[in-house]
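Protein sequence lines, in the order shown, are assigned to chains A and B.
Residue numbers for the first sequence follow the numbering used here, so the first one is 1 and each next one is one higher.
Residue numbers for the second sequence follow the numbering used here, so the first one is 321 and each next one is one higher.
Any given hint might turn out to be false.
Only pairs whose alpha carbons sit at most 20 Å apart, straight line, appear in this in silico SDA-like list of lysine to any residue [what the hints assert, rightly or not]: (1) B/Lys497 / A/Val53; (2) B/Lys450 / A/His17; (3) A/Lys130 / B/Pro507; (4) B/Lys450 / A/Arg258; (5) A/Lys130 / B/Ala607; (6) A/Lys301 / B/Pro414; (7) A/Lys177 / A/Arg127; (8) B/Lys497 / B/Asp415; (9) A/Lys130 / B/Phe375; (10) B/Lys582 / A/Lys262; (11) A/Lys130 / B/Leu445; (12) B/Lys621 / B/Gly476; (13) B/Lys450 / A/Asp129; (14) A/Lys262 / A/Pro241; (15) A/Lys177 / B/Asp449; (16) A/Lys130 / B/Lys621; (17) A/Lys130 / B/Asp416; (18) B/Lys450 / A/Pro241; (19) B/Lys450 / A/Asp95; (20) A/Lys130 / B/Ala573; (21) B/Lys450 / A/Lys262; (22) B/Lys450 / A/Lys177; (23) A/Lys130 / B/Gly476; (24) B/Lys621 / B/Ala607; (25) A/Lys130 / B/Lys497.
Quick list of the computed label-pair ranges, beta carbon to beta carbon [to be verified]: (26) B/Gly465 / A/Gly30: 52 to 58 Å; (27) A/Asp8 / B/Gly476: 27 to 33 Å; (28) A/Pro280 / B/Ala427: 35 to 41 Å; (29) B/Asp335 / A/Arg258: 33 to 39 Å; (30) A/Arg258 / B/Ser326: 22 to 28 Å; (31) A/His178 / B/Gly344: 23 to 29 Å; (32) A/Pro294 / B/Asp416: 44 to 50 Å.
If you are wondering where the hints come from, they were derived from the structure by calculation, not from laboratory data.
Since the model is a prediction, treat every value here as computed from it, not as a measurement.
For every residue, glycine included, the Cβ atom is placed at its ideal position computed from N, Cα and C.
2 protein chains.
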Amino acid sequence: MPRIASEDDFLALMDAHFPRQAAGVELPRGDDAAVVAVPPRLCVTSDLFVEDVHFRRSYFTPAEVGAKSLAVNLSDVAAMGATPTGFVLGIVCPDDADRNYWDAFLAGMAALAASHDVPLVGGDLSRGDKIAVSVTVWGAPGASGRFLTRATGNPGDILVAVGELGLARVGLAVLEKHGRAALADWPAATAAHLAPVPRLAEGLALAGQPGVTSCMDVSDGLARDLPRLLPDGCGADLFFPPGGLHPEVTAHAAGHGRPPEKVAFFGGEDYALLATVAPPALAALRAAVPAARPIGAIAAKPGYTLNGSPINERGFDHFG
Amino acid sequence: MPRIASEDDFLALMDAHFPRQAAGVELPRGDDAAVVAVPPRLCVTSDLFVEDVHFRRSYFTPAEVGAKSLAVNLSDVAAMGATPTGFVLGIVCPDDADRNYWDAFLAGMAALAASHDVPLVGGDLSRGDKIAVSVTVWGAPGASGRFLTRATGNPGDILVAVGELGLARVGLAVLEKHGRAALADWPAATAAHLAPVPRLAEGLALAGQPGVTSCMDVSDGLARDLPRLLPDGCGADLFFPPGGLHPEVTAHAAGHGRPPEKVAFFGGEDYALLATVAPPALAALRAAVPAARPIGAIAAKPGYTLNGSPINERGFDHFG
Numbered sequence: 001m002p003r004i005a006s007e008d009d010f011l012a013l014m015d016a017h018f019p020r021q022a023a024g025v026e027l028p029r030g031d032d033a034a035v036v037a038v039p040p041r042l043c044v045t046s047d048l049f050v051e052d053v054h055f056r057r058s059y060f061t062p063a064e065v066g067a068k069s070l071a072v073n074l075s076d077v078a079a080m081g082a083t084p085t086g087f088v089l090g091i092v093c094p095d096d097a098d099r100n101y102w103d104a105f106l107a108g109m110a111a112l113a114a115s116h117d118v119p120l121v122g123g124d125l126s127r128g129d130k131i132a133v134s135v136t137v138w139g140a141p142g143a144s145g146r147f148l149t150r151a152t153g154n155p156g157d158i159l160v161a162v163g164e165l166g167l168a169r170v171g172l173a174v175l176e177k178h179g180r181a182a183l184a185d186w187p188a189a190t191a192a193h194l195a196p197v198p199r200l201a202e203g204l205a206l207a208g209q210p211g212v213t214s215c216m217d218v219s220d221g222l223a224r225d226l227p228r229l230l231p232d233g234c235g236a237d238l239f240f241p242p243g244g245l246h247p248e249v250t251a252h253a254a255g256h257g258r259p260p261e262k263v264a265f266f267g268g269e270d271y272a273l274l275a276t277v278a279p280p281a282l283a284a285l286r287a288a289v290p291a292a293r294p295i296g297a298i299a300a301k302p303g304y305t306l307n308g309s310p311i312n313e314r315g316f317d318h319f320g
Numbered sequence: 321m322p323r324i325a326s327e328d329d330f331l332a333l334m335d336a337h338f339p340r341q342a343a344g345v346e347l348p349r350g351d352d353a354a355v356v357a358v359p360p361r362l363c364v365t366s367d368l369f370v371e372d373v374h375f376r377r378s379y380f381t382p383a384e385v386g387a388k389s390l391a392v393n394l395s396d397v398a399a400m401g402a403t404p405t406g407f408v409l410g411i412v413c414p415d416d417a418d419r420n421y422w423d424a425f426l427a428g429m430a431a432l433a434a435s436h437d438v439p440l441v442g443g444d445l446s447r448g449d450k451i452a453v454s455v456t457v458w459g460a461p462g463a464s465g466r467f468l469t470r471a472t473g474n475p476g477d478i479l480v481a482v483g484e485l486g487l488a489r490v491g492l493a494v495l496e497k498h499g500r501a502a503l504a505d506w507p508a509a510t511a512a513h514l515a516p517v518p519r520l521a522e523g524l525a526l527a528g529q530p531g532v533t534s535c536m537d538v539s540d541g542l543a544r545d546l547p548r549l550l551p552d553g554c555g556a557d558l559f560f561p562p563g564g565l566h567p568e569v570t571a572h573a574a575g576h577g578r579p580p581e582k583v584a585f586f587g588g589e590d591y592a593l594l595a596t597v598a599p600p601a602l603a604a605l606r607a608a609v610p611a612a613r614p615i616g617a618i619a620a621k622p623g624y625t626l627n628g629s630p631i632n633e634r635g636f637d638h639f640g
């Protein structure tokens, strides 16, 4: 198997997939630092994507690892209502991932980057025992000039979601059990886990709606993420009516004797956007972002209800 | 030993060491992304710092690991002639590094960050088998408005160095052999490896000198880094007169029967700045940056000479 021979060899592989020159890149990668042209206010976010913590090589293709390690960062930019304008990449490479692996990894990442016009302006790599990918992305606000933040909603605001909830958690479960054989029976759920879609257009559109009061991306499940979205002292009343969740969530929940709305509540890694909107602005929001659907409302006191019943268990900790 | 209990626990530890609010930080860490106020042109760089590749826990204190993982990035900003204005941090934590370890690590990193007024605006962490630290730093140009780049010097320009050459390589050798017992006999060399100093004030001053034509930081040794600094088709003539190198370099070389200038040429991880200056501007540069000392000149044709003799071996590859 062809090994990566040197850092220069890897950088050449990077050049084969990522153009060095791009709009806004004054000095491309290859110097001590890149120089980029940026607006006066920039959002910045950084996420790790680590083998056997965030993904398994047994059922992720190299291209999926490359794309998802960028996608989870782009999703944070989407949650800010911003447009990504550049990123840097750090890769820890174990000896058992060969040149073909990284070629496919970079191809997967480059395709996603190109589809959003995000240039790669720098990178570093190191040997190590397992694959670890670090991505830092920055972004600019849209025409509205504003970034969407957390904890800035108000009691009574409607909670809206863009993207499925619980679907990626079902995907994780069936992939852990059956490997890629699960793709046949659970195409949507496995795709949600293997190839999450960053909701960049929708995030930007949300920021353009004046009545939208807060936004985040649901990476750890509603149970863990809602407390991060809501203002201090508030709770939420959530409603997942029958037929409101993805059929694969409903089917998987039924097969395990669980209420599907609990799968939606505790599931992680959906990278759906969760926003809050003042009720008078809901109609305009739904017109501007047709994929946004109401799932509940901010309550004036702490605690959560799910379809009318209190729920208080904890969700998923990537780190724990 | 107290373990890090959760991601929230780690973030609380971060808050204990790094203030969230700082000048230029409009939205501090804790949201999907931070928002920072930035100048129209920004330099960005990212480096990994990985256990058993870049450092060993056997002879690095946790505080030294924290500080060096940031220092190597700040050194890149220094080499651009820029001032660092913010950074994000990704940490892979193995189970055998406890809460005390990370407390000390963050304290070491925070002290260096505070000494240069660089706010930490975001971070992510993950479990993993070995410690890996990813830092992304960005910076603004100084009053001159320019960034210093590589490959923009001219034949005849004087090469100047800020910081010792070869000293960190001696430090690595004695630490690998004796562990921290080496600190007694080799205080400067071990300090150069364990606690390199990013030359930020000097980099900024170099950028302010119009005759300075290029700059980089020497992280892999002159042998590997000079070809990256020099313009295409050029070489260099280097001179390390007796007494021109650090006494610990001279002593270590003598003990191993090596010419000390070869230790300076092949040694890595010094994080010295290496700049080129047009000869008429040298006097002004030496007045502005007293620590800068001439070590040679750019030659009009490829190849290197060291004290008058050709030298063509290759240097150090962190990755190879």
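Now for the hints, and whether the structure bears them out:
Annotation: proposed proximity of B/Lys497 to A/Val53 is violated, straight-line Cα distance about 35 Å (limit 20 Å). This hinted pair does not check out: B/Lys450 and A/His17 have alpha carbons roughly 29 Å apart, beyond 20 Å. This hinted pair does not check out: A/Lys130 and B/Pro507 have alpha carbons roughly 35 Å apart, beyond 20 Å. Under the criterion of a C-alpha separation no larger than 20 Å, the hint pairing B/Lys450 with A/Arg258 is inconsistent with the structure, at around 37 Å.
Between A/Lys130 and B/Ala607 the alpha-carbon distance is near 49 Å, which puts this suggested pair outside the 20 Å criterion. The hinted pair formed by A/Lys301 and B/Pro414 fails the criterion: a straight-line CA distance of about 39 Å is larger than 20 Å. Our distance criterion of 20 Å between C-alpha atoms is broken by A/Lys177 and A/Arg127, whose separation comes to about 31 Å. Distance hint between B/Lys497 and B/Asp415 is unfulfilled; the C-alpha atoms sit about 27 Å from each other, more than 20 Å.
A hinted pair counts as satisfied when its Cα atoms are at most 20 Å apart, and A/Lys130 with B/Phe375 qualifies at roughly 17 Å. In summary, the hint linking B/Lys582 to A/Lys262 is not supported, as the alpha carbons are separated by about 66 Å, beyond the 20 Å threshold. At most 20 Å may separate the alpha-carbon atoms for a hinted pair to count; A/Lys130 and B/Leu445 meet this at roughly 15 Å. Distance hint between B/Lys621 and B/Gly476 is fulfilled; the C-alpha atoms sit about 11 Å from each other, no more than 20 Å.
The hinted pair formed by B/Lys450 and A/Asp129 meets the criterion: a straight-line CA distance of about 8 Å does not exceed 20 Å. Annotation: proposed proximity of A/Lys262 to A/Pro241 holds, straight-line Cα distance about 12 Å (limit 20 Å). Restraint check: the Cα-Cα separation between A/Lys177 and B/Asp449 comes to about 24 Å, which exceeds 20 Å; the hinted pair is violated. For the hint pairing A/Lys130 with B/Lys621, the CA-to-CA distance comes to about 43 Å; that exceeds 20 Å, so the pair is violated.
As the CA atoms of A/Lys130 and B/Asp416 are separated by approximately 17 Å, the hinted pair is consistent with the 20 Å bound. Distance restraint check for B/Lys450 and A/Pro241: the Cα-Cα separation of roughly 45 Å exceeds the 20 Å cut-off, and the hinted pair is therefore not satisfied. For the hint linking B/Lys450 to A/Asp95, the alpha-carbon distance of about 15 Å falls within 20 Å, and the restraint holds. For the hint pairing A/Lys130 with B/Ala573, the CA-to-CA distance comes to about 37 Å; that exceeds 20 Å, so the pair is violated.
Distance restraint check for B/Lys450 and A/Lys262: the Cα-Cα separation of roughly 35 Å exceeds the 20 Å cut-off, and the hinted pair is therefore not satisfied. Proximity of B/Lys450 to A/Lys177 is assessed by CA-CA distance (about 27 Å); at most 20 Å being required, the pair is judged violated. With a CA separation close to 46 Å, the supplied pair A/Lys130 and B/Gly476 exceeds the 20 Å bound. Note on B/Lys621 and B/Ala607: the hinted pairing is violated, with a Cα-Cα distance of about 30 Å set against a maximum of 20 Å.
Pair hint A/Lys130 plus B/Lys497 does not hold up; C-alpha atoms about 27 Å apart against a cutoff of 20 Å. Remark: the range hint 52 to 58 Å for B/Gly465 to A/Gly30 is contradicted by a beta-carbon distance near 22 Å. Our hint of 27 to 33 Å for A/Asp8 and B/Gly476 holds, since their Cβ atoms are close to 28 Å apart. Restraint check, A/Pro280 to B/Ala427: a C-beta distance of roughly 50 Å breaks the suggested window 35 to 41 Å.
Between B/Asp335 and A/Arg258 the beta carbons are some 36 Å apart, a value that agrees with the proposed interval 33 to 39 Å. Between A/Arg258 and B/Ser326 the beta carbon distance is about 25 Å. The supplied range of 22 to 28 Å therefore holds. Roughly 50 Å separates the CB atoms of A/His178 and B/Gly344, a value that falls outside the hinted 23 to 29 Å. About 47 Å separates the C-beta atoms of A/Pro294 and B/Asp416, a value consistent with the hinted range of 44 to 50 Å.
Of the hints listed earlier, those the structure fails to meet are numbers 1, 2, 3, 4, 5, 6, 7, 8, 10, 15, 16, 18, 20, 21, 22, 23, 24, 25, 26, 28 and 31, in rising order.
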